[in-house]
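My request is simple: use the sequences and hints to build the entire structure.
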Amino acid sequence: MRIKIFFDQKSKVLRIPALFKIPHKRIKSDFVLDTGSPHTFLNYTDAIRLTVPHTLKDKQIRIGGRKYQSYLFSKFEFTFKTEDDELVTESIPIRVLKPHGLNIDEIEELDNFPNLLGLDFLEKGYKLYCDLKNKEIYLEK
Amino acid sequence: MVSDLELLRSSERDLVWFNENSQILRDKFAEQIVAIKDKSIVGNARNIKILLKILKEKGVDESEVLIESLAPSNEIIIL
Chain S
1 MRIKIFFDQK SKVLRIPALF KIPHKRIKSD FVLDTGSPHT FLNYTDAIRL TVPHTLKDKQ
61 IRIGGRKYQS YLFSKFEFTF KTEDDELVTE SIPIRVLKPH GLNIDEIEEL DNFPNLLGLD
121 FLEKGYKLYC DLKNKEIYLE K
Chain P
1001 MVSDLELLRS SERDLVWFNE NSQILRDKFA EQIVAIKDKS IVGNARNIKI LLKILKEKGV
1061 DESEVLIESL APSNEIIIL
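Quick mapping for you: the protein sequence lines, in order, are chains S and P. According to our numbering, the stretch in the first sequence is residues 1 to 141, in order. According to our numbering, the stretch in the second sequence is residues 1001 to 1079, in order.
If you are wondering where the hints come from, they were derived from the structure by calculation, not from laboratory data.
Here are the simulated EDC-like pairs of lysine to aspartate or glutamate, each with C-alpha atoms no more than 20 Å apart in a straight line: (1) K1053(P) / E1064(P); (2) K12(S) / D1027(P); (3) K12(S) / E1075(P); (4) K59(S) / D34(S); (5) K12(S) / E1031(P); (6) K135(S) / E1020(P); (7) K133(S) / E1020(P); (8) K4(S) / E90(S); (9) K75(S) / D120(S); (10) K1058(P) / D1038(P); (11) K4(S) / E1020(P); (12) K25(S) / E1006(P); (13) K12(S) / E1012(P); (14) K1028(P) / D8(S); (15) K1028(P) / E1075(P); (16) K4(S) / E140(S); (17) K4(S) / D84(S); (18) K25(S) / D1061(P); (19) K1053(P) / E1031(P); (20) K4(S) / E83(S); (21) K127(S) / D84(S); (22) K4(S) / D120(S); (23) K75(S) / D1004(P); (24) K1039(P) / D8(S); (25) K21(S) / E1012(P); (26) K21(S) / E1006(P); (27) K12(S) / E1020(P); (28) K1037(P) / D8(S); (29) K135(S) / E1012(P); (30) K1049(P) / D1061(P); (31) K10(S) / E1031(P); (32) K4(S) / E1012(P).
Footprint (simulated), chain S over chain P, 3 or more residues, beta carbon under 8 Å: (33) 1053-1064; (34) 1069-1078.
Covered stretches of chain P, going by a simulated chain S footprint (3 or more residues, C-beta under 8 Å): (35) 1001-1007; (36) 1019-1030.
Note that CB positions come from ideal geometry on N, CA and C, so glycine has one too.
The structure is reproduced here in structure tokens:
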């Protein structure tokens, strides 16, 4: 089973369309695949859309010189579409970032931060095939 | 209610459209976040709270749009 990954040539990032789900809500979104990230992160924008609670404090995360508090949320599922038009749903504890203060620049910066699919997802047994030149990029299980 | 599969198919189409048009969109909506539905922009704003308000006023279901941020053309994303 293969999940197609899309190469955004302008931003030079790998994107995967996905549905994000918490109990009683789902939203249309996408992940940026980031093998440099140990964890999977839900961005501030989608955390607000899903109304994910900021209750279980986790590690502090440093990005671009700024420090953010992360919160762990475990009732999170996401669904991908395979190349055969089937659905694959996975569950993984996800981390949400929150600014320390109410500084509008910090909040808007977090709005621009993508959802990251990290190494913890690949640890679930997915193989990553990446041939950028021929635009053949996918996850396989 | 739209099925998960149909929502993902539309998500894929909108993501491809976003990738193909990202330069034009970056020029027009730099440093904003945009809501995409059926290969068109249905809302744009400086932050998510304003964007959600705009979508609500327009009667657009925010769960069925793809929301992407647009960095200026002279910026690159390093994760």
